[in-house]
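Position in the sequence shown (first residue = 1) + 108 = this note's numbering.
Hints are supplied without guarantee of correctness; some may be wrong.
[As the list claims (entries may be wrong)] For each label pair, taking beta carbons as the anchor points, the in silico distance ranges come out as:
hint, residue 1, residue 2, range
1, Leu280, Ala359, 51 to 57 Å
2, Gly244, Ala359, 53 to 59 Å
3, Ser252, Gly201, 48 to 54 Å
4, Leu366, Leu194, 58 to 64 Å
[Stated by the list, open to error] With a Cα cut of at most 20 Å, we get these calculated SDA-like pairs of lysine to any residue:
hint, residue 1, residue 2
5, Lys167, Arg145
6, Lys167, Glu155
7, Lys167, Glu200
8, Lys167, Ala152
9, Lys167, Gln148
10, Lys167, Arg179
11, Lys167, Arg288
12, Lys167, Asp151
13, Lys167, Arg156
14, Lys299, Tyr289
Quick caveat, the hints were computed from the structure, so don't treat them as lab data. The beta-carbon is built from N, C-alpha and C at its ideal position, and this holds for glycine as well.
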Amino acid sequence: MPLPLLEYSQIAQNARVKSYSVGSEEDPRRSPEGLRRSPQDMDALIERSYRQIFFHAFKVDRDAALESQFRNGQITTRLFIRGLLLSPRFREGFYRCNSNYAMVDQIVGRVLGRKVNGDGERLALSILIAQRGLEGCVDALLESNEYLDRFGEMDVPQQLGRVLPGNPGGELPFNQQAPRYTAYWRDAQSKRAPAGPFRGTRSWGSTPHMVMGTDVMAPGPVPVQVSPTWKNGQPPRLAMNLWLLAGGLGALELVRVLLTTAGAMLSTGSGG
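Based on the provided sequences and hints, a complete structural model is requested.
Structure representation (structure tokens):
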């Protein structure tokens, strides 16, 4: 039985401040009512949705089938946002590159347009991701009263309260606050190593390292994680064949250069 969502307290942040100022470009943009919108309106909504979720999406990252459903009125803006969050592009570019805690910051900022309410909300939603996966967390936020009251079925989420009247400067745009991946993914990738004689350790140097499960510093080789793309201690067959082909061609070229040089030296000596 899954655990219920943990309770947490809200914190003070710009997104909770109601604005009574004259409208500006920082205010939430209201989408045209109804599902029958002009092609120009649909183009604008789609571009804003991609920008909110990915900040920038290349042509190859776009989901033509999902866009077609949205343009034809088969799904609402909220369901279009859901499709982008569960797309292979988001899973590979964000979900795969972050811990559950970091994913909470990513999803809350993109879906609800605000920061996380401290470690309490971060812990509660990270447990939800561990239990129900990315889809469970996305559905919980998109079906929440906060999202429906703020954006409804038709509006594209956006960062709220980035600039408040009377403040000399506003908050950074969310895409600058939360980059696609952090040192967590960089460090995990740096520990990957080829299989074979280096399997399981990084053999150079004797840098002390933490023994797993203890607070003891141990000298010697540092354990590393073997790349999952290598099977049975061997690289992919295509990579191996290409490497062997390159090695064979290099050897033939080296022999040709040596024979050519030797022939030139002999011809020069006989001519003298």
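Here's how the hints hold up against the structure:
| no. | hint | result |
| --- | --- | --- |
| 1 | Leu280 - Ala359: 51 to 57 Å | 55 Å, holds |
| 2 | Gly244 - Ala359: 53 to 59 Å | 56 Å, holds |
| 3 | Ser252 - Gly201: 48 to 54 Å | 24 Å, violated |
| 4 | Leu366 - Leu194: 58 to 64 Å | 59 Å, holds |
| 5 | Lys167 - Arg145 | 23 Å, violated |
| 6 | Lys167 - Glu155 | 12 Å, holds |
| 7 | Lys167 - Glu200 | 16 Å, holds |
| 8 | Lys167 - Ala152 | 16 Å, holds |
| 9 | Lys167 - Gln148 | 19 Å, holds |
| 10 | Lys167 - Arg179 | 17 Å, holds |
| 11 | Lys167 - Arg288 | 18 Å, holds |
| 12 | Lys167 - Asp151 | 14 Å, holds |
| 13 | Lys167 - Arg156 | 15 Å, holds |
| 14 | Lys299 - Tyr289 | 16 Å, holds |
Checked against the numbered hints given earlier, the structure breaks hints 3 and 5 and satisfies all the rest.
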